[in-house]
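*Asks:* Assemble the complex: chain A is given as a structure, and chain B must be docked to it using the hints.
So the sequences go chain by chain: A and B. Just so you know, we're using our numbering here: the first sequence kicks off at 7 and counts up by one. Just so you know, we're using our numbering here: the second sequence kicks off at 7 and counts up by one.
One should not assume that every hint holds.
Since the list gives no way to pick out one identical chain from another, each pair is judged satisfied if it fits inside one copy or across any two copies.
With a cut-off of at most 20 Å between alpha-carbon atoms, the simulated EDC-like pairs for lysine to aspartate or glutamate come out as follows [to be verified]: (1) K42 with E166; (2) K249 with D112; (3) K50 with D73.
Calculated from the structure, these hints are not laboratory results.
There are 2 protein chains.
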Amino acid sequence: MLKEYLQASKAEIEAYLSTLLESPNREYARLYESMKYSLLMGGKRIRPIITKAVIEALGGTWESYKDVICAIELIHTYSLIHDDLPAMDNDDFRRGKPTNHRVYGDGMAVLAGDGLLTYAFELVSNHSSLRPDQVVSIIRSLAKGAGPSGMVGGQSFDLESEGKCLPLEELVVLHKGKTGALFSTAVEIGLIVMDANSHIATSYLQYADYLGLLFQITDDILDVVGTQEELGKTPGSDERQHKATYVSILGLEEARARASEVASKAKAELEASNQYSPVLEGLIQYLMDRTQ
Amino acid sequence: MLKEYLQASKAEIEAYLSTLLESPNREYARLYESMKYSLLMGGKRIRPIITKAVIEALGGTWESYKDVICAIELIHTYSLIHDDLPAMDNDDFRRGKPTNHRVYGDGMAVLAGDGLLTYAFELVSNHSSLRPDQVVSIIRSLAKGAGPSGMVGGQSFDLESEGKCLPLEELVVLHKGKTGALFSTAVEIGLIVMDANSHIATSYLQYADYLGLLFQITDDILDVVGTQEELGKTPGSDERQHKATYVSILGLEEARARASEVASKAKAELEASNQYSPVLEGLIQYLMDRTQ
Chain A
7 MLKEYLQASK AEIEAYLSTL LESPNREYAR LYESMKYSLL MGGKRIRPII TKAVIEALGG
67 TWESYKDVIC AIELIHTYSL IHDDLPAMDN DDFRRGKPTN HRVYGDGMAV LAGDGLLTYA
127 FELVSNHSSL RPDQVVSIIR SLAKGAGPSG MVGGQSFDLE SEGKCLPLEE LVVLHKGKTG
187 ALFSTAVEIG LIVMDANSHI ATSYLQYADY LGLLFQITDD ILDVVGTQEE LGKTPGSDER
247 QHKATYVSIL GLEEARARAS EVASKAKAEL EASNQYSPVL EGLIQYLMDR TQ
Chain B
7 MLKEYLQASK AEIEAYLSTL LESPNREYAR LYESMKYSLL MGGKRIRPII TKAVIEALGG
67 TWESYKDVIC AIELIHTYSL IHDDLPAMDN DDFRRGKPTN HRVYGDGMAV LAGDGLLTYA
127 FELVSNHSSL RPDQVVSIIR SLAKGAGPSG MVGGQSFDLE SEGKCLPLEE LVVLHKGKTG
187 ALFSTAVEIG LIVMDANSHI ATSYLQYADY LGLLFQITDD ILDVVGTQEE LGKTPGSDER
247 QHKATYVSIL GLEEARARAS EVASKAKAEL EASNQYSPVL EGLIQYLMDR TQ
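Looking at chain A on its own, in the form it has when it is part of the complex (with noise of 0.2 Å):
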């Protein structure tokens, strides 16, 4: 049930971002290609269907909001982009395919990450049927979670981090940056569209945060017993390039209790909210189960 959910929002987020980025001539053609390279890899969209269903959840439709929606995986993508350059992760591979730079070389990537960060903004901008009031929110909401305070923070606290062995608070502090921000403004999106009210807003709020966090302990998890064929990439590599991960940290068992307590806190913020999604509560099982 969840499954054929996630498939088919998967289908209609990846359809609607195939009808984004048309060069408008022909000297900027070789961007919006790297840019689109990047954008259609694939990945689990797994920010554009949280933004999604809190929407559903409140009564609202995919069809009249899905550039707001989108958005976010735009941001994402290009922080993946950045992520993979030589100056930082310096990662060939994302999704079993070359990565951008691989394929179009530094200086394009560069500009693709640029590209798809300031075009997500002109997206949200030009949303019409929000009040403007609502659009300046959810551009704020963005710009927070993906910035400086959020995202990229935490990006930077990671290149700063690593060979270093790095206390558990620090981990805490480094990936509610790197990965809870932009899954707070995930939520935060949708509550904002549809005028949630503040005691919906709180819980599902604090469900994003327990999420995010849940996403980054199973995603170091899996670093260690995932397969190169489900993650679409060489697993092991938070221990080659001496990450500091829940893992390396905790010890596989302990992260996977701990896995399984912050599932039990997300549970049990969506109840507390009395606004019950069985989507958004399948998705703290589907984190919990998945491989790659």
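*Replies:* Then chain B, alone, in the frame of chain A:
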């Protein structure tokens, strides 16, 4: 007179910029330091000065709109950081000081640029005295001017064209994106803030086009005739990098003649607007006479 205005405006802008970007925690401190390093490195601050001058010409004040005026400088600074990267122009010095990646490393420089770009949108989205529809319009203008159909597009075409002999029409496309788009945005933000009527808006935007073109032609001339001390970087870098420029295509004398012609057209547009501004007119001559 203009000189004093430019100096005073630059001082006001830099005083305001220096109040931005305090790190929310010690983990992100190095990122914030690297962003501030480039943001406070000096420069002419020509883009925010243009926005400020447009707002003042139409009866507004710097005090009321300084965040919106300065957002474009954050975007300009990000573009310089990424442009200087080894993956792009590979410049070691900017304004007489080591470039961001020379001080903080390539990875942090990528993130500092990403952070400044994203924060620019956060800054504008936080503005509380403009109407929400004006904030949305400003964000749209910034995103279009800075994004893949604007500045990033021009940069990508520049990257693609390195070492190639471009015809003049293509060089015009390149610079319309790389420099012109953000000059247009600088003017447009002022027009949006002041709810300018369409007659003024049309003339002012034409003026912006000519001013951007004038800036680029004089930039190319300076790269040939400027001194290292004046430029804060090694002159002749365009020729070393085999870049097509107005000077390489037209020759120095013809490039100078073209600059004069464009300056006259810019002045004519200002006159046609019936909204005279000694500062905006003075900026034309300032660009003609500049030595840095």
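*Asks:* So, for every hint listed, does it hold in this structure?
*Replies:* Each hint, compared with the structure:
1. In this homomeric assembly, K42 and E166 come within 20 Å of each other (Cα to Cα) only across copies, at 17 Å, whereas the closest approach inside a single copy is 30 Å.
2. Taking the closest pair of Cα atoms, K249 and D112 come within 20 Å of each other only across two copies (19 Å); inside a single copy the shortest separation is 24 Å, beyond that limit.
3. For the homomeric pair K50 and D73, the shortest alpha-carbon distance inside one copy (18 Å) is at most 20 Å, but the shortest distance between copies (37 Å) is not.
Of the hints listed earlier, there is not a single one the structure fails to meet.
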